[in-house]
Amino acid sequence: MPRSSYTTDGPTVPPDLGYGGGDNSGDGPNLPNYRERLRRCRVGLVVGLAPIVMLFVAFTSAYLIRQNTGQWDPHSSAYINDWVPVRLPMLLLGVNTLILLLSSVSMELARRQVMRESLLAPLANIPGIKTDEVTSFPWLSVTAILGIAFLAGQYLAWQALAARGFYLASGPSSQFVYILTGAHAVHLLGGVIALLFALRAAWSHQPIPSRRIAVDISAWYWHFMGVLWVYIFALLYFLK
Amino acid sequence: MGLALLLALLLLAGLSIYFFPAHNWWLPAAASSTAHATDAQFFRSYLIMGVIFVAAQVALGLVAWHFSRRRATPASNSHGHNGLELLWTVLTAVLFLGLQATGHPIWAAERFDLPEGTATDSNHADAIQVEATGVQFAWYFRYPGPGAKFGHTDPKQIDASQGGESALGLDATDPAAKDDVVTGEMYLPVDRDVDLNLRAQDVIHSFFVPNMRFKQDAVPGLRIRARLHPTVIGTYEIACAELCGLGHYKMHAKLHVVSQQEFDQWLAGKEADKQ
Amino acid sequence: MISNPRPDSPTTNAARTSFWRRYVFSTDHKVIGLQYIALALVAVFVGMALSLLMRIHLILPGAILPLFGEIKPEQYLALMTMHGTIMVFFVLTTAPQSGFGNYILPLQIGAPDMAFPRLNMASFWTTFLAFLVLLAAFFVTGGAPGVGWTAYPPLSAIIGAAPGNGLGMDLWIASIALFCAGSLMGAINFITTVLDMRARGMTMMRLPLTVWGWLTTAAIALLAFGVLLAAGILLLFDRRLGTSFFVPGGLVISGEPNPHSGGSPILWQHLFWFFGHPEVYIAILPIMGIASQIISTFSRKPIFGYKAMVSALLAIGFLGFIVWGHHMFMSGMSPYSAFVFSLLTMVIGVPSAIKTFNWIGTMWGGKLRLEPPMLYAIGFVSFFVSGGVTGPILAQPAMDTHLHDTAFVVGHFHIIMGVATVFGMFAALTFWFPKMFGRHMSGSLSRLHFWITFIGAYCIFMPMHWLGMAGEPRRYSQLTELDYLKPLMGIQQFITIAAAVTIAAQFIFLFNLLWSLWRGKKETNPNPWKCTTLEWTTSNPPPHDNFGGIVPVVHHGPYEYSVPGATKDFVMQTEPVTTMPASN
Ligand code: HEA
Ligand code: HEA
Ligand code: CUA
Ligand SMILES: [Cu+2]
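Just so you know, the protein sequences line up as chains A, B and C, in that order.
Under the working numbering, the letters of the first sequence match residues 2 to 241, in that order.
Under the working numbering, the letters of the second sequence match residues -3 to 271, in that order.
Under the working numbering, the letters of the third sequence match residues 4 to 587, in that order.
Source of the hints: derived by calculation from the structure; they are not laboratory data.
Note that the structure is a prediction, hence the values are computed from the model and not measured.
What you were told as hints is all true, and nothing was included just to trick you.
With the C-beta cut set under 8 Å, the calculated list includes, among others, these residues of chain A facing chain B:
hint : residue
1    : Gln72
2    : Trp73
3    : Pro75
4    : His76
5    : Ser78
Just so it is clear, CB atoms sit at the ideal spot from N, CA and C, and this is done for glycine as well.
Between the sequences and the hints, there should be enough to build the whole structure, so can you do that?
Printed below as a string of structure tokens:
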């Protein structure tokens, strides 16, 4: 019979490794310190990305199933598949991809920048010395603008598709193109809104830490959106 | 309270045991080859799961009763026993997987590797072909006739009001359709393989013959095949077992299992009417 | 996904004295937990009312009911669909996980609140909105959808194909989509909280099994709801925007040729059940945790095989994602894949069996106190076994060929889901009631309610198995059409009477609950059940920051009962090791 856990557990209180199960009390038990909050929000973000992944996994599997299963045709007494590859506006989508990747770069720069600011933070409290964002380059705004540009680009891409006769309801393949790109656009829009929040945090002189967290989280989310888009683009291109 | 629990659980176990052989309500009379195999498997399953069920309930009752009476003796501090864990893990695994194994052949016989069964088809010469089509809220049955080939159907030519062939949209221009027979009641010869083709015209229906222990969804856009083998002459009920809308509850048809020559006469009669 | 990174500090929050801030738009996990439980209570009584109407209609088709009039077949289907949807989503997915989980989990791991309090609040109000949207379906033209809670297309995708298939169905989809969003927010919170906010010394292997249950469930929800959301979106597109994801071509619905082309109805079933099967475990895993906690406590005995219990939970959680096909044996998918799904489904029975054994093993050699929570917990185990053993029968394609979509299935899932899980909720409520409100629920009323519900529920759902054997199909709004069903009417009447009695008995429970809130026996002792976990170290109810500024430090496992040589027959997780004998 195994012996009771408190004897088999070894040291009854493990050393503080800075994760849950260690000592989490930062600045008082209820307002954990900056390090705690950053880690917590990052964990939350990573966890939160899982359902987004599943959403697109579901769309993808639907895409593949639909592409490879036929329907019983009572006339020819056989299974036929009505799949027609979509002719994508490659140039336009290529440009959009470029824009989105650039925006990821500027996002990263913005993140690094805020990181540095948070080092200089103490100076800001000394009267007289004033470190305001205007002097530092507005990477955050650049990212937001690039993001909006990408969305506009996608809108053009949809119009281009329509011009080639691929409408939402015009066929098995085009409906998936719209669903996948549309769902991605919606999530990216969420990213843009997050950026605007981060910007507001910057302008409304919120305490540097919470501002940095806002930027940091939006940044990782933004990078994820970039990766997601590349995946969707690849899927639509290679598995027409 | 403990005693009451024990009694209640004993009662539960007792009643279940009683109803098992009592057969007050039981499977309807078996009328197909798979039905007999299925019932045997039902018996095995009920026996194994029944033993587990009774054992668990009675054990629960006894424990609840016995150990709620001991006031004096302190409880043991046991944290578990790996040997036991292993034992019942293996035990249940063996039981459940064994059950699966014994049941599998029935399924395989009914559904696996069905050759395209046309009466002229050598390796399947004996099978008679029937197509059952589900429509809100009726079943239509089609026999390929002497030509042993189903004619085309065409959604554009469907006219439910006419019933029969036009309800299926049978394409008159197709030579193979000439000798197709469409009926509202299903006739099958006894002791012969049936190559069943299931189709649906609007939504999903499910072809359910309790006496044959047979069920299969009829899905629009698919033609689903299965093998049946009626063994007892008689008339049986075909129900629809997949929610298909308002009339789901009254979507049913009759299945007549008859002798071979009765069947031939019936089919010939239908052919005659058609000409 | 992004939430405000700053958790509310209690100081700012306590300052918010306004009623709205405190009790309505509160970010306190305890208030939110209670809000979820209240929502589940409302939902369950609505659901029960619907079920009673269904039962009456089944034995008296065409009867004129007071203040409801005659129930027509289309209304029966609507009642059935709404009953299933409300019960599965708004009762079973809210109370055990979001309700009790929200209230108890942070307490049990020694955290001041959930990781993202605002996200938590958003999660509840989204769910609440979803509930309103669902109920709205009753009142729009065409009424509530009548396509079953599984909403199989083409039936659910084509406006004209079924009653209530217009706006009502759209509202149903909208409600489910909102519900997915709400549950996802909750899941993110649960996982982050457990991973990141455990008190000092609360290692993973010291978590109470309740926390393991909630954690596993959150993980399942995280992966499952995204897929349901996707399916819902595609269905809505098929209905309103002319796409053909699920609707094949060449359909003729009541004489009308249908414009769609090439979709796959089975695709929906795969997506739905990929969510649907994990969903049923979402319903029961938290209850398994709660049952383990209660059984161990009231047996004054450590849980039997803690590690085995944890592994079983995880195994069920994982396997739950690869067995969905057992709902589709008859769907027309490949019979070969049916074979594989059948095997996997059999395997998932094993961890469930392990848990059952271990519950009984925990009680074995214990010193049982049959207080109401324990009674309900024992009831749960009984129902879990009764509902569980029919699983491996359904899991065999050959058996399922006869049983699929018959009353047998209805019996199976009501006993294991409709009743077992609900008994878990009763147990949880009577168990934590003193902690939540500083009062006890009346023991005698609880016992009365237990006995009527225990016997009543068996009387309702056991006979359904025989109906299924005899071949009574599900979702029949009248059982008068098939000849072979006519002799079974007697059982139908018996079931309906049993249902009426059982449902009436739920008002005893409701009365007990409300009465005890104000008049129940006061309980000032923070640990009335002599339990070992952290929530029992703080006052009833706990202060806003849960531990009044103290940061609990954990020294050993959650179920140290009857430790030889210890002063009491239980050792709190927080008790320093010095009060313990060096070894036993
Ligand atoms: C809480 C919900 C819940 C749970 C836990 C389960 C558990 C299981 N279910 Fe169930 N199921 C549903 C809810 C649930 N189900 C619902 C809602 C439906 C219908 C959906 C619909 O169509 O509307 C359904 C339908 C359903 C089907 C499809 C039926 C059909 O439509 O044709 C199948 C088929 O395989 C199945 C199988 C199983 C199995 C194998 C388990 C296993 O996990 C069971 C494991 C448990 C045991 C095996 C018992 C363990 C105990 C012992 C072994 C005792 C041992 C002790 C001693 C001997 C002392 N279920
Ligand atoms: C949780 C799930 C749940 C619950 C509790 C119930 C409860 C009941 N159900 Fe239901 N039912 C379903 C889930 C549930 N059902 C589902 C999913 C379907 C399928 C729908 C479909 O086919 O699409 C269905 C379908 C269904 C049918 C089949 C319809 C058909 O196929 O034709 C019938 C018929 O009798 C029925 C009857 C009942 C009855 C009489 C009750 C009684 O009400 C039982 C008495 C009630 C209780 C004992 C519960 C009391 C609980 C509390 C008071 C808890 C409160 C505590 C807290 C919140 C802390 N239900
Ligand atoms: Cu056709 Cu139900
Ligand atoms: Cu399942």
